[in-house]
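There are 2 protein chains.
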Amino acid sequence: MALIVQKFGGSSVADAARVANVANIVTDTYKAGNSVIVVVSAQGDTTDDLIAKAKEINPNASKREMDMLLCAGEQISVALLAMAIQKLGYPVVSLLGWQAGFKTNSTYGSARIKKIDTERLSAEVDKRNIVIVAGFQGVNKYQDVTTLGRGGSDTSAVAIAAALKADKCQIYTDVDGVYTADPRKVKNAKKMSEISYDEMLELATLGAQVLNNRSVEMAKKYNVELEVLSSLTRVPGTIVKEVTTMEKMLIRGVAKDTDVARISILKVPNNPGIAFKIFDLLAKKKINVDIILQSVGRDQTKDITFTVAKDSGDAVVEILSNSGILTPEQIVCDTNVAKVSVVGAGMETHPGTAATMFEALYDNNINIQMISTSEIKLSVLIDIVDADRAVSAVHEAFFSAE
Amino acid sequence: MALIVQKFGGSSVADAARVANVANIVTDTYKAGNSVIVVVSAQGDTTDDLIAKAKEINPNASKREMDMLLCAGEQISVALLAMAIQKLGYPVVSLLGWQAGFKTNSTYGSARIKKIDTERLSAEVDKRNIVIVAGFQGVNKYQDVTTLGRGGSDTSAVAIAAALKADKCQIYTDVDGVYTADPRKVKNAKKMSEISYDEMLELATLGAQVLNNRSVEMAKKYNVELEVLSSLTRVPGTIVKEVTTMEKMLIRGVAKDTDVARISILKVPNNPGIAFKIFDLLAKKKINVDIILQSVGRDQTKDITFTVAKDSGDAVVEILSNSGILTPEQIVCDTNVAKVSVVGAGMETHPGTAATMFEALYDNNINIQMISTSEIKLSVLIDIVDADRAVSAVHEAFFSAE
Numbered sequence: 002m003a004l005i006v007q008k009f010g011g012s013s014v015a016d017a018a019r020v021a022n023v024a025n026i027v028t029d030t031y032k033a034g035n036s037v038i039v040v041v042s043a044q045g046d047t048t049d050d051l052i053a054k055a056k057e058i059n060p061n062a063s064k065r066e067m068d069m070l071l072c073a074g075e076q077i078s079v080a081l082l083a084m085a086i087q088k089l090g091y092p093v094v095s096l097l098g099w100q101a102g103f104k105t106n107s108t109y110g111s112a113r114i115k116k117i118d119t120e121r122l123s124a125e126v127d128k129r130n131i132v133i134v135a136g137f138q139g140v141n142k143y144q145d146v147t148t149l150g151r152g153g154s155d156t157s158a159v160a161i162a163a164a165l166k167a168d169k170c171q172i173y174t175d176v177d178g179v180y181t182a183d184p185r186k187v188k189n190a191k192k193m194s195e196i197s198y199d200e201m202l203e204l205a206t207l208g209a210q211v212l213n214n215r216s217v218e219m220a221k222k223y224n225v226e227l228e229v230l231s232s233l234t235r236v237p238g239t240i241v242k243e244v245t246t247m248e249k250m251l252i253r254g255v256a257k258d259t260d261v262a263r264i265s266i267l268k269v270p271n272n273p274g275i276a277f278k279i280f281d282l283l284a285k286k287k288i289n290v291d292i293i294l295q296s297v298g299r300d301q302t303k304d305i306t307f308t309v310a311k312d313s314g315d316a317v318v319e320i321l322s323n324s325g326i327l328t329p330e331q332i333v334c335d336t337n338v339a340k341v342s343v344v345g346a347g348m349e350t351h352p353g354t355a356a357t358m359f360e361a362l363y364d365n366n367i368n369i370q371m372i373s374t375s376e377i378k379l380s381v382l383i384d385i386v387d388a389d390r391a392v393s394a395v396h397e398a399f400f401s402a403e
Numbered sequence: 002m003a004l005i006v007q008k009f010g011g012s013s014v015a016d017a018a019r020v021a022n023v024a025n026i027v028t029d030t031y032k033a034g035n036s037v038i039v040v041v042s043a044q045g046d047t048t049d050d051l052i053a054k055a056k057e058i059n060p061n062a063s064k065r066e067m068d069m070l071l072c073a074g075e076q077i078s079v080a081l082l083a084m085a086i087q088k089l090g091y092p093v094v095s096l097l098g099w100q101a102g103f104k105t106n107s108t109y110g111s112a113r114i115k116k117i118d119t120e121r122l123s124a125e126v127d128k129r130n131i132v133i134v135a136g137f138q139g140v141n142k143y144q145d146v147t148t149l150g151r152g153g154s155d156t157s158a159v160a161i162a163a164a165l166k167a168d169k170c171q172i173y174t175d176v177d178g179v180y181t182a183d184p185r186k187v188k189n190a191k192k193m194s195e196i197s198y199d200e201m202l203e204l205a206t207l208g209a210q211v212l213n214n215r216s217v218e219m220a221k222k223y224n225v226e227l228e229v230l231s232s233l234t235r236v237p238g239t240i241v242k243e244v245t246t247m248e249k250m251l252i253r254g255v256a257k258d259t260d261v262a263r264i265s266i267l268k269v270p271n272n273p274g275i276a277f278k279i280f281d282l283l284a285k286k287k288i289n290v291d292i293i294l295q296s297v298g299r300d301q302t303k304d305i306t307f308t309v310a311k312d313s314g315d316a317v318v319e320i321l322s323n324s325g326i327l328t329p330e331q332i333v334c335d336t337n338v339a340k341v342s343v344v345g346a347g348m349e350t351h352p353g354t355a356a357t358m359f360e361a362l363y364d365n366n367i368n369i370q371m372i373s374t375s376e377i378k379l380s381v382l383i384d385i386v387d388a389d390r391a392v393s394a395v396h397e398a399f400f401s402a403e
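From first to last, the protein sequence lines are chains A and B. Our numbering puts the first sequence at residues 2 to 403. Our numbering puts the second sequence at residues 2 to 403.
FYI, nobody ran anything at the bench for these hints, they're computed from the structure.
Straight-line alpha carbon distances no greater than 25 Å define the calculated BS3-like cross-link-like pairs of lysine-lysine that follow:
no.	chain 1	residue 1	chain 2	residue 2
1	A	K116	A	K222
2	B	K88	A	K56
3	A	K88	B	K54
Okay, chain A solo, but in the shape it has when bound (with noise of 0.2 Å):
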């Protein structure tokens, strides 16, 4: 008898037909003979209900009581779930973060897993109940309800995994797996079988919105097995584990990310002290730089140019422009760009690469700006407007020929 984890996100239970198709996944799953235990985001909107609701009555508001707010969205939703599955004349019970164990730390809103007390999950299973926990919260120290942020319900989901050593971690989206590209997109895009922790973790990084990045952390640092599928089709998803069998394949896929903001500082002096001066004071303000290129002296001075989210570009601006080192003519901050990326563990001893990824976007006249590489990873950034088009070129440069 195996031990499967089920998630289903906040559109897989948006209302009363998908909350009983998802009642109709998780008994299909327990009559098959495994114990089960699903993680539930809220439903559809809610949480963004409730943000508009507290915004109306006080826009800063303390996090602590924001987690309090939005806690009670994951508690309708496992409420529900349980009844649908009830209906269907199953054993199950609901849990909140609090009780089903999660223990996080103190930072409200995206509060970090410390540790799960698995007595009652255990409990409940070996009792045969379907357990329905809530995703995305916790309680701390001091007994206060806490949320993990963004994608937290992944994470809940992988975290139960690890701690009871469950067979499967299976994350049930509005996609049916992770491809080569954004199938809506384009339209060779090809679904994977398998991929590495690691190369769905650049996947995720560069906006392809499958899999929240620290639940795959977590998964790879625990060998938890993922499976990504759609609760609406019934048909195998996309398994991520340690070591993918297919390495013959070169990349994995080709991303798109938009939420970036490209920042160009002009006309530097060339003292050696002012790169470090500037990454230092966007490190205190906790602003994550991606790609930084330095541009070659020419006349005593030098461009620094470097990537930031889209929604951090005004802060950057802001701090830059007050740092006393540079003046606001200095610095440029440009929202209109996009970067699109190939990842794939095959990279690494395939040279080619970088020269089929540049070849496809200078046959369609797309300009790169700046490029940056990892071991897994090639990101070039462009004007938005081309992203669409770099994609489906690059993915047919790779996949077309297969």
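Assemble chain B onto chain A, guided by the hints.
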């Protein structure tokens, strides 16, 4: 420094403006140097909306899961009220039932409070925090959440006041006190400055709908001074306490209850055991019977008439029809009835009360179907179309002379 418990119902926190209004009342009380614990219900229609969601998914969901669902309503309102108080710049913390130490039995849907572990509540009060507690909810010995049933938030507030020996428990509602009759219907209705627990209990039972009965019983048991007042006007309300100083007043109020069905059982054989059998059947189904009237037997048969809550009417007919001791033709259910009552501790020593009431009804051509009395109340059952006219007439008879 006094400790004051304040309870606000769902209509008092129905929207952002109402929440802000409550925040003002609470912080004014705190500013005056008091410690304040606030109990809140779910916003406006939240509970009804959640019940509708549940019914759509499973009309026969377990009470445990219903409680899990409904508790989310108060969770939302405590967080929102805390945010509104933060906006005014006061220290505040919201607590759910389990965090506030509400230990209940396991009767989901109508749990009884067994005790309140006051450690957390006291600690927050000692820190000079305004404490916002989710009403209506607690936790049982299995660490599952429970709800206290209808009017549960009143009970939560009184229980906290009793456990912490608060100086006062203020119940804020949409009326500004307890009146001698419904002020929307009876134009000379007068607000009372004081009323005794027993009188309040009779008025609550009789449909005055100002305060929940259980909360008044608990207040009487632990001698908690209650005040009923409005969250929309800043005027003193009605104090409910053990001994009222206004001994001279004959009756306290006139109340109407239209939640009544009258069941008549015709031509019952005149055997001793038959009434017992009927009421034993109903008791086993947990149906409360109120007024009972038995006609004197004429032709070897008698008629038995009694009243039950309106929504129990159909069930009673079904139970008795299937009892094997009566035929369906013998059972008549009439839901077009109302109970009008006068309540007052002075009644015991003033034999004229019944005469005054009956005369007022007679003068207005209102037919009395049944009569019921206790030490401090006198109720008549009449046709529902006469109810408002009856209340006005009876109120006029007792209060106009003053």
